[in-house]
Amino acid sequence: MRQKLKRKRQELINKDFSPKRWQEANQIEELMNPGHFACPGCGGALAMRYALKALGKNTIVVIPACCWSIIDGPFPLHCLKVPLYHTAFETAAIMASGIKAGLEIQGKGDISVLAFAGDGGTADIGIQALSGACERNDDIIYACYDNEAYMNTGIQRSSATPLFAWTTTTPEGTPKGEPKKNMVEIVAAHRIPYTATCSVGFPEDMIAKFKKAKEIRGLKYIHIYAPCPTGWRMAPDLMIKVACLAVETCLFPLYEIEEGIRYKINYFPKEKLPVRDYIRIQGRFSHLREREIELIQKKVDFEWDLLKKRAGLSGG
Amino acid sequence: MARNFKEMKEADYPICAISLETTLLNKTGTWRIFRPRYENKLPPCQDACPAGEDIQRYIYLASKRDYEEGYRTILERNPFPAITGRVCFHPCEDACNRKEYDEPIGIHNIERFLGDYGLKNVEKKEKRKKPEEKRRVAIIGSGPAGLACAYYLSREGIGVEVFEKERLPGGLLRTGIPAYRLPKNILDKEIEKLEKNGVKFITNTTFGKDLTLDVLLEKFSAVFLAIGAQKERDLEIPQEEQKGVLEGIAFLRSVNLGKGVHLGKRVLVIGGGNTAVDCARVAKRLGRITTLLYRRTKQEMPASPEEVAEAEKEGVKIEFLIAPVKVLLTRQKTVKGLECLRMKLGAPDSSGRRRPIPIKGSNFTIPADTIIKAIGEVVELESIPAELEKTEWGIKTDIWGNTNKKNILAGGDCVTGPRTVVAAIAAGRRTAEKIRFDLGMKEKLSDEDKREPVRFAQLNTFYFEKQPQVKMPQIEKRGRETFKEINLGYKEEELLTEAGRCFSCGVCNRCDNCYVFCPDLSVKKLEDGYEFDYDYCKGCGICAAECPRSAITMYPEGEI
Amino acid sequence: MKLEAITGTKKVVTGNHAVSYGVLLSRAQVIAAYPITPQTQIVELLSEFCATGLLKAKFIKVESEHSAMSACVGAAISGVRAFTATSAHGLALMHEMLHWAVGARLPIVVANVNRAMGPGWSVWTDQNDSLSQRDVGMIQLYCESNQEVLDTVIQAFKIGEKVLLPVMVILDAFVLSHTSEPVDIPSQEMVDNFLPPYKPQHYLNIEHPASYGGLTNPDHYFEIRIKIEMAHRAALKVAEEVDKEFQEKFGRGYGLVEPVNCDDAKVIIVTSGTITGTAREVIDKERRKGRKVGLLKIRLFRPTPRERIREILTRAEKIAVIDRNISFGHSGIFAQEIKSILYNEPRRPPIFNFIIGLGGRDVRPEDIEEIIDYVFKKDQPTEDFTLRGVRL
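Protein chains in written order, with this note's numbering: chain Y, 819 to 1134; chain L, 3 to 562; chain A, 3 to 394.
Bear in mind the hints are in silico, worked out from the structure with no lab data behind them.
If you're wondering where the values come from, they're calculated on a predicted model, not measured in any experiment.
Do not take every clue at face value.
[To be verified] Cut-off 30 angstroms, straight-line C-alpha distance, at most; resulting in silico cross-link-like pairs (BS3-like, lysine-lysine):
id : chain 1 : residue 1 : chain 2 : residue 2
1  : Y       : LYS1029   : L       : LYS526
2  : Y       : LYS1032   : A       : LYS63
3  : L       : LYS245    : L       : LYS211
4  : L       : LYS233    : L       : LYS338
5  : Y       : LYS1032   : L       : LYS211
6  : Y       : LYS926    : A       : LYS4
7  : A       : LYS380    : Y       : LYS1029
8  : A       : LYS287    : A       : LYS229
9  : A       : LYS4      : Y       : LYS899
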C-alpha cells in the first residue's frame, strides 16, 4: 500500500499539470535564424522551423523554385543552420535522390536529405521527378508545404488550389473550377513506406511525423498544410487559426498511410466544425455563394467519410 | 568576405553563389507596422473578488506545487484563506471565464487547500513578533473586518488591541457560521496568527458600556469600529416577541458558543438568506423537523445556491411563496403554529427580483413549536456613538473607512449593512492601509485598479480540453447528523488537476504558445518569461492571436 | 567478370562500350542515365559493371534525362564523381540542367552520342544536338575514333575536376557508337596513376552549412558568371597539359586541334568527328595527286583554341569548313566559329562552308573530293554556305 502511494506521488511529481506545449522540442536547438524574408505570418517558414526541429543538424535541405528560394535570403545570406541546395523548379525529388546517392556511396548515409518543395513544384511541374523517386523508393524525405497556389511568382493557380478559390490566374468571374489534386493519394498509390499529412497548427503532431519519417528507409512523403496570409487574402495573425480550422472542419485531415495501404487517422475533432467557418475568414473565398459553400461541405463530408472507411478497413 | 562589394576582388568571389553569411544581418524588424507587447491584464476573478486577491497568481503557483508562495500571495489581500476557503460565496467563480466554456474553476476549494496548507506548514515557521509600544491602534469587534485590520497592522509592527464583547474572538465567524461550515479549531488557528504578531484580545468587553471613544482615543492613535450588524430584523407580525420565536443570529450564537437552546420538535425558519439556511441546517442537526419558509421562489433566494442544495440534501423542507401573518400561541403562551399566506410573484421591485404579492384569502396554518426569524440583519444603531454620522445602513465613511471624526474609522457590516466575510476582510485591509498612511508609515495610498477585466470573448480557447470542475469531496448524507465539517478538502492530485484548468486570463503563464508559433523566431525564452526580439519581429500578430489568455497586445508601431 | 580480365588489354569494342570502359576505369561513383537510342549500350554495360560489383557506383535509374542530369548535379554537389550519357532529344531535355551544372561549377562528364533531332525521328548522326548546347558553358570534345572516345572520357574527368566545369564527350551515332574497332583498354592501375580520386572543392558540408545558388542580384551575378569564362580560359591550358600527360603515361595524345599537312597547304579543310577519319584518306589522295591540301581536326570545341586555330589557318590560301550541322537562318556552326576567330586577323583567307551529312546521310570520300575541287576552282565563296549531297 505504501509502495503504491509512493509510486503515485512520484507520478504526480513527474506530471506537469500546467498548460504547456512542446516540452521536449523546447530542448532542441533551433536550426533556423530570424531575419529571413518570408511575409509576416508565413506558414511555410513555420513549417521549415518544425521540420528541422524534428530532423536535427544532420540534414541537407533541397529547395526548388518556390517561396523558400526567397525566404532563405539572397546571396550571400542564409537563414538555416544546415546546408541548403537551391535547385531547378521540377527537380526537388531527383536532386535529393542524387545527393542521397552521393552521400551513401561515401558512407555518409546517416545524413537525412529533405526535399522541401511547394505545391506547384510537387503537384505540377515536379510530379514526374516525384513519381520517379517514389517508384525507385529513394531514401529521402519529401515534404510539400502546400500554400495552394504559385505564391512566389504572384499567387497563380496550381493544381493544388482548391475549388472556387480566387488566384491571379483564376480571377474574379472565373474562380478555379477544378478540385484540388490529391497528391497524398497519388503518392500513396506508389506504395511508398510512409505518407503523412500535417498542419502547422499542430506542431507536436508534425514534429512527431518528421521524427518517425527520419527512422524509416525509403521514400517518405509528408504533405504540410501551410497557409499563406498574403495569397489567401487574410490578416497575417489568422494563419494558425486557419491551419487549425482546416483540420477541425475535416477539410484537411491529419492521417498517415503506411506502405500506401494502411490508413491511420491521427486526429478526430471533438466537434466537426462547418466548412463555412474556414471559408468565411479567407478573402480568396469572399465571392463564394451559399450553394458553392454547400457543395464544398458535401465534398468535405464525402472525403472524410471515405477516409474513415479506409482507415476502418485497415484497422487504423 | 568584405562587406563593401566595391572593394571585392576576384579571389573574394566564390566560384558559385555559396551563401555563408547568416540572415541575422537582415533586421526584419523594420518591416513592422504593428508591434506586440507582453501586457498582463486584469483577470475577471481578481476583479470580482472584493478583497482583490491575485487569484491567477496563487492558482499558478499551486499548479507548480509552490503552495507556500501561493499561500503568501493570498495573505497579501486576505489573511484567512482557510476561513474564506470555507465560507466565502466566491463571486470570483461567478465571474470566472471558464464558466462560459464548461465549468468555472473551483477557486474557493483551491483557496481552502492553500489556507489549510499554510496553517499546517507555513505558519509554524513564522517567528513571534513584539510590536512597538509607540503606535497602538484599538479595534472594536473581532469579526472578519476587525481581525483583518488587526493582521495588517500588526504585520507592520503596530501594536493592536482588539476588544470583543463575546467570550471568544471571531465575531460572526465564531457565533454565526455553524461548525459544519467553519470548524472552530480552524478559526482558532487563524486567530493564533494574530497573537503571534503581538495582537492582544480583550474579550467580554462591550463597546459603549465598558469603553467609550474618548477613552480609547487617549490611549490609542486610532480606533477602528468593526462591530458588525447583529440585530435581526423584525417580522412585524403579532406575537413575534413571544418566547419560542427566536432571532436567527442569536440562535446560532447560542449553539456555536455551546450554550443551551430550547428548541421545540417542529421548527420553522423564516427567511431566504444564508442566515436562514444556516439556522435550518443547524436545527436539522439538532434533530428537529425543520421547514424553511420563503416568500419568493428558489431563484430569488439570496442564499448561496450551494447552501440551499446542501440544506435540501440534509432533509430540510423548503416551502416557497409563503409569508408569515401571525404567530399562533397555546393557552400557555407557547408557540403552537404560524398562520401563513400564500404569495404569487408580480413585477420586479427595486432589487430586481419579482415582488411577492399576497393571494387574498389563502391563509393557512403550519403547526410548529419554535419559529426562528432570519429575514435579514441590521446594525444596532443605538450602539453607534452619537457623534458619528450615520447612513440608513450604518456608520457613514469614505472609501478608506474614515468617519467624520478624526482617527476614528469604521468598516465591515456596521458601515454597509450585512454583507459577506470577504467584503469585511477587504474593508479591514483598506482601513489598515489608511491607518498606516495616517501614522506616516506609508508613502501613499494605493490606487484603485481601474482596468477592464478580460472577458471570455478575448480568449482563444482552442487550446483547452473540455473538463468538468473537480468536485469537492463531501461527507455523504449519513454523516450529516453531527456538526463535523462536511467538505473534506481537495487531495493534492485533485488540487493539481483543478489548478491546471485555470485559463490564467490576461496573465502570461508560460504556456509557450507565442514561442512555438512565431514564424520569425522572434520570441526569446527567458528564465522567467519571454521577450520579443524587436530586431526581427515582423508584427504578424500570430503570437497575440494564439495567446490563449490575451496576455499580448498589438500596438501600432511608433505608438509606444 | 574480373576487372583484370577485361582491362589492361586490347579489345574490339563499339564506341558506346568504349565510353563504358572509360567510365569504369575513371571510378565514377554515381551514374544516372535514361535510355535513348543510340546511347543505350553505354548504360547497359555500366549497369552490368555496377551489378557485378566491378564498379562501386550507385546507378540511379531515372525517369527522364532532365532528372538524369539533376541527379548528377545532386551527386556531384554531395562530393562524388558523377556521369551521365545521352543523345539528341535527351540532351535537349536536359538543357536546363546543363546550364545548372555549369553555374554550379560541377565537374560532371556527359557522354553525348551525336544524333539528329526530330521530327521526323532520326537515330543517325549529325551534330545539331551537341552544338545547340554550345552556349551553356560546358567543355565540348569531339572524338574521331573509339580509342579516342575511351581516352577522352578519362581525360574529361581530369580536366573537369581541375577547372570545375562539366565536360561533354561527343561521339557520332552508329558510325562510332555501334561500330566496333580495336581499342586499347588501359589497366585500372594506369588510370589510377593518371586520375586521382575526386576531391571536391565545394560540397554540401554539415560542419559548415551554407546555401548554394540563392538569389543573386545584379551586384554579384556578373562577377560570379565571369569566373566561368576565366575557368574556360584556364581550361585551354589544362586540357593541353592533361593531354600531354596522357601522352606520356599512355603513349597516346590527341591535342586540342590536330593539323594534318597544314604547313604548306593551300587549302585547309576543317572537320570534326568521324568525317575527319574520311578526310584523312582524301588528303593523302590529294597530296598524291599533287594538290597541297591540309586538314585541321577540331577536337576541343569549347573553349575554342583560338590561338592555335588562327596560327594554323592564317597560313592557308583558302579554308573549307565542313559542317555536319546547320544553324538555321545563318550557316554551319563550325564555319561561324572559324570566321569569327579569323575576322580581326590581318591575313584572313576566304572561308568556304559546306553543310553535309545531316541526319546521318553518308559522307563518302568522293563528297570530300568534290568539296576540295569546288574550293580549288573558286577564288571566293559566292554564298555563306554550300549544301552538298542534298537533292534540293
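Among the hints numbered above, which are violated by the structure, and what are their numbers in rising order?
5, 7, 8, 9
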